[in-house]
Amino acid sequence: MSAAARRTADRDKLKHVVTVMLNNVETNWESHDVMLALTHFGVDTFSDLMMMECKDIESLVVPADGAAAERPLRFSQRRQLLAVICCFCREQTKSINVTSISFANFQRFCIGRWDPSAEVVPWLTT
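Each residue of the sequence shown is one higher than the one before, counting from 1 in full-length UniProt numbering.
Some hints could be false.
[To be verified] EDC-like cross-link-like pairs, simulated, lysine to aspartate or glutamate; straight-line CA separation at most 16 Å: (1) Lys13 with Asp44; (2) Lys15 with Asp44; (3) Lys13 with Asp48; (4) Lys15 with Glu30; (5) Lys13 with Glu30; (6) Lys15 with Asp33; (7) Lys15 with Asp48; (8) Lys55 with Asp12.
If you're looking for bench data, these hints aren't it; they were derived computationally from the structure. Since the model is a prediction, treat every value here as computed from it, not as a measurement.
Assemble the whole structure, with the sequences as input and the hints as a guide.
Encoded structure:
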(Lines of atoms letter the chains of each structure in order from A and count residues from 1; the text may use other names and numbers.)
(Lines give C-alpha, C1' and ligand atoms only; values in the text may rest on other atoms or scores of the structure.)
Protein backbone atom coordinates (compact mmCIF):
# COMPACT_ATOMS: atom_id res chain seq x y z
CA MET A 1 0.00 0.00 0.00
CA SER A 2 1.37 3.42 -0.95
CA ALA A 3 1.90 6.20 1.58
CA ALA A 4 -0.99 8.16 0.02
CA ALA A 5 -3.31 5.14 0.29
CA ARG A 6 -2.31 4.58 3.94
CA ARG A 7 -3.01 8.25 4.72
CA THR A 8 -6.40 8.06 3.01
CA ALA A 9 -7.28 4.91 4.99
CA ASP A 10 -6.14 6.60 8.22
CA ARG A 11 -8.28 9.64 7.43
CA ASP A 12 -11.26 7.36 6.65
CA LYS A 13 -10.88 5.86 10.14
CA LEU A 14 -11.07 9.34 11.65
CA LYS A 15 -14.18 10.04 9.58
CA HIS A 16 -15.72 6.82 10.94
CA VAL A 17 -14.99 7.91 14.51
CA VAL A 18 -16.55 11.35 14.02
CA THR A 19 -19.59 10.26 12.02
CA VAL A 20 -20.43 6.74 13.25
CA MET A 21 -18.95 6.23 16.71
CA LEU A 22 -19.86 9.74 17.88
CA ASN A 23 -23.17 9.58 15.99
CA ASN A 24 -22.61 12.77 14.01
CA VAL A 25 -24.13 11.71 10.72
CA GLU A 26 -23.94 15.09 9.06
CA THR A 27 -23.40 15.48 5.36
CA ASN A 28 -20.25 17.56 5.77
CA TRP A 29 -18.40 15.88 8.62
CA GLU A 30 -15.40 18.16 8.17
CA SER A 31 -17.46 21.17 9.31
CA HIS A 32 -18.68 19.50 12.53
CA ASP A 33 -17.41 21.17 15.73
CA VAL A 34 -15.47 18.04 16.76
CA MET A 35 -13.64 17.90 13.44
CA LEU A 36 -13.07 21.66 13.36
CA ALA A 37 -11.49 21.49 16.83
CA LEU A 38 -9.36 18.47 15.92
CA THR A 39 -8.17 20.09 12.69
CA HIS A 40 -7.40 23.34 14.53
CA PHE A 41 -5.25 21.31 16.96
CA GLY A 42 -3.46 19.60 14.05
CA VAL A 43 -5.27 16.25 14.03
CA ASP A 44 -5.90 15.08 10.48
CA THR A 45 -5.92 11.28 10.83
CA PHE A 46 -7.02 8.53 13.21
CA SER A 47 -3.39 7.97 14.20
CA ASP A 48 -3.09 11.65 15.14
CA LEU A 49 -6.19 11.31 17.34
CA MET A 50 -4.83 8.23 19.08
CA MET A 51 -1.64 10.06 20.02
CA MET A 52 -3.53 12.79 21.90
CA GLU A 53 -3.26 13.00 25.67
CA CYS A 54 -5.96 14.06 28.14
CA LYS A 55 -4.53 17.57 28.35
CA ASP A 56 -4.73 17.84 24.56
CA ILE A 57 -8.39 16.82 24.55
CA GLU A 58 -9.17 19.28 27.34
CA SER A 59 -7.54 22.12 25.40
CA LEU A 60 -9.56 21.63 22.20
CA VAL A 61 -11.28 24.73 20.87
CA VAL A 62 -13.57 25.32 17.93
CA PRO A 63 -11.92 28.07 15.88
CA ALA A 64 -13.68 31.36 15.23
CA ASP A 65 -15.64 31.79 12.04
CA GLY A 66 -17.70 34.62 10.63
CA ALA A 67 -20.65 33.84 12.92
CA ALA A 68 -19.02 32.83 16.21
CA ALA A 69 -15.92 33.53 18.27
CA GLU A 70 -13.41 30.83 19.21
CA ARG A 71 -14.89 28.68 21.96
CA PRO A 72 -13.97 25.54 23.89
CA LEU A 73 -15.25 22.30 22.44
CA ARG A 74 -18.31 21.23 24.44
CA PHE A 75 -17.54 19.16 27.54
CA SER A 76 -19.66 16.23 26.30
CA GLN A 77 -17.77 16.15 23.00
CA ARG A 78 -14.41 16.23 24.77
CA ARG A 79 -15.57 13.30 26.96
CA GLN A 80 -16.65 11.39 23.85
CA LEU A 81 -13.22 11.85 22.28
CA LEU A 82 -11.55 10.71 25.48
CA ALA A 83 -13.78 7.62 25.49
CA VAL A 84 -12.79 6.87 21.88
CA ILE A 85 -9.11 7.01 22.79
CA CYS A 86 -9.71 4.82 25.85
CA CYS A 87 -11.73 2.34 23.80
CA PHE A 88 -8.86 1.73 21.41
CA CYS A 89 -6.13 1.94 24.06
CA ARG A 90 -7.92 -0.75 26.05
CA GLU A 91 -7.96 -3.02 23.01
CA GLN A 92 -4.45 -2.23 21.78
CA THR A 93 -3.19 -5.80 22.21
CA LYS A 94 -5.70 -7.01 19.59
CA SER A 95 -6.02 -6.32 15.91
CA ILE A 96 -8.99 -3.96 15.54
CA ASN A 97 -10.93 -3.00 12.45
CA VAL A 98 -11.75 0.57 13.44
CA THR A 99 -14.47 0.98 10.84
CA SER A 100 -16.34 -2.08 12.10
CA ILE A 101 -17.19 -0.46 15.45
CA SER A 102 -20.77 0.78 15.47
CA PHE A 103 -22.32 3.52 17.56
CA ALA A 104 -24.11 0.83 19.62
CA ASN A 105 -20.85 -1.06 20.26
CA PHE A 106 -19.14 2.15 21.31
CA GLN A 107 -22.03 3.01 23.65
CA ARG A 108 -21.75 -0.45 25.25
CA PHE A 109 -18.06 0.20 25.86
CA CYS A 110 -18.82 3.60 27.41
CA ILE A 111 -21.51 2.21 29.70
CA GLY A 112 -19.97 -1.11 30.67
CA ARG A 113 -16.20 -0.91 30.40
CA TRP A 114 -14.98 2.68 30.40
CA ASP A 115 -13.71 4.17 33.62
CA PRO A 116 -13.54 7.94 33.05
CA SER A 117 -11.22 8.31 36.05
CA ALA A 118 -8.65 5.79 34.79
CA GLU A 119 -5.36 7.00 33.34
CA VAL A 120 -5.25 7.12 29.57
CA VAL A 121 -2.25 5.35 28.10
CA PRO A 122 -1.51 6.68 24.61
CA TRP A 123 -2.19 4.19 21.85
CA LEU A 124 0.49 1.58 21.10
CA THR A 125 2.89 2.79 23.77
CA THR A 126 2.66 -0.14 26.19
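Against the structure, test the hints numbered earlier, and report the numbers of the ones violated in rising order.
8
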